[in-house]
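Protein chains in written order, with the numbering used here: chain B, 1 to 113; chain C, 114 to 224.
Some clues are possibly wrong.
What the hints assert, rightly or not - Straight line, CA to CA, 27 Å or less: simulated DSSO-like cross-link-like pairs of lysine-lysine: (1) Lys38(B) <-> Lys169(C); (2) Lys41(B) <-> Lys183(C); (3) Lys211(C) <-> Lys41(B); (4) Lys41(B) <-> Lys9(B); (5) Lys22(B) <-> Lys182(C); (6) Lys41(B) <-> Lys182(C).
What the hints assert, rightly or not - From the derived model, a few chain B residues whose C-beta atoms are all more than 12 Å from chain C: (7) Gln6; (8) Leu11; (9) Lys19; (10) Gln37; (11) Lys41; (12) Glu44; (13) Ile56; (14) Ser72; (15) His77; (16) Pro83; (17) Leu90; (18) Gln102; (19) Gly105; (20) Arg109; (21) Leu113.
Simulated from the structure, these hints should not be mistaken for laboratory data. Heads up, the beta-carbon is just placed ideally off N, CA and C, and yes, glycines get one too.
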Amino acid sequence: DTEVTQTPKHLVMGMTNKKSLKCEQHMGHRAMYWYKQKAKKPPELMFVYSYEKLSINESVPSRFSPECPNSSLLNLHLHALQPEDSALYLCASSQDRLYNEQFFGPGTRLTVL
Amino acid sequence: GQQVMQIPQYQHVQEGEDFTTYCNSSTTLSNIQWYKQRPGGHPVFLIQLVKSGEVKKQKRLTFQFGEAKKNSSLHITATQTTDVGTYFCAVPSSNTGKLIFGQGTTLQVKP
Chain B
1 DTEVTQTPKH LVMGMTNKKS LKCEQHMGHR AMYWYKQKAK KPPELMFVYS
51 YEKLSINESV PSRFSPECPN SSLLNLHLHA LQPEDSALYL CASSQDRLYN
101 EQFFGPGTRL TVL
Chain C
114 GQQVMQIPQY QHVQEGEDFT TYCNSSTTLS NIQWYKQRPG GHPVFLIQLV
164 KSGEVKKQKR LTFQFGEAKK NSSLHITATQ TTDVGTYFCA VPSSNTGKLI
214 FGQGTTLQVK P
């Protein structure tokens, strides 16, 4: 299985809602990533988990809260988001954190009203 | 911090024409990766280059890594409509290992 899956594919939420994005991989990868991508822009790194521990937080606002329950799962909890947070949220995994190719999931298209 | 410049931003070609995108860094790179993102899709890994002067081919795609390991190019011969998308180079940050993506080159192919 060389696939990274993400749910949901689309999400519309209000600024007072709480929602979660989910990501799963079964490739035995020990590094997992959350990226945010705006239209016509490259992916922008948000968080990196290495061996289930948060190793990089790119100064992301606290309204985004990552969680790594186990080596195959990665969640992104969303609370009190702003309309400017609307974007494609991509999950990726790699064998480990350094220098390896990253496998991206299909993403969650998030719209904040 | 680590930055990589990618040009051009956009390229429109007639089907059958060639296409090249370039990435340049001010610092020596340990490696460089290339990804393709189709419209409405997600980035898909194409290749990683590690050695100085390395050239790798995948069918009509040719990837090069400069002798000084500061630049790289992706060349597509005889483009097809299936080549449409945005091509990103990505380099590891020297001290954190995270990937830094170039701004991407969006390729449009007219049939």
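Hint check results:
1. Lys38(B) <-> Lys169(C): violated (31 Å)
2. Lys41(B) <-> Lys183(C): holds (23 Å)
3. Lys211(C) <-> Lys41(B): holds (18 Å)
4. Lys41(B) <-> Lys9(B): holds (19 Å)
5. Lys22(B) <-> Lys182(C): violated (37 Å)
6. Lys41(B) <-> Lys182(C): holds (25 Å)
7. Gln6: violated (9 Å)
8. Leu11: holds (16 Å)
9. Lys19: holds (20 Å)
10. Gln37: Violated, since 9 Å does not exceed 12 Å.
11. Lys41: violated (8 Å)
12. Glu44: Nearest chain C Cβ is 8 Å from Glu44(B), so the label is violated.
13. Ile56: violated (6 Å)
14. Ser72: holds (19 Å)
15. His77: holds (21 Å)
16. Pro83: holds (22 Å)
17. Leu90: violated (6 Å)
18. Gln102: violated (7 Å)
19. Gly105: Since the minimum Cβ distance to chain C is about 7 Å, Gly105(B) lies within 12 Å and the statement is violated.
20. Arg109: Violated, since 9 Å does not exceed 12 Å.
21. Leu113: The claim stands: Leu113(B) keeps its Cβ more than 12 Å from every Cβ of chain C (closest is about 22 Å).
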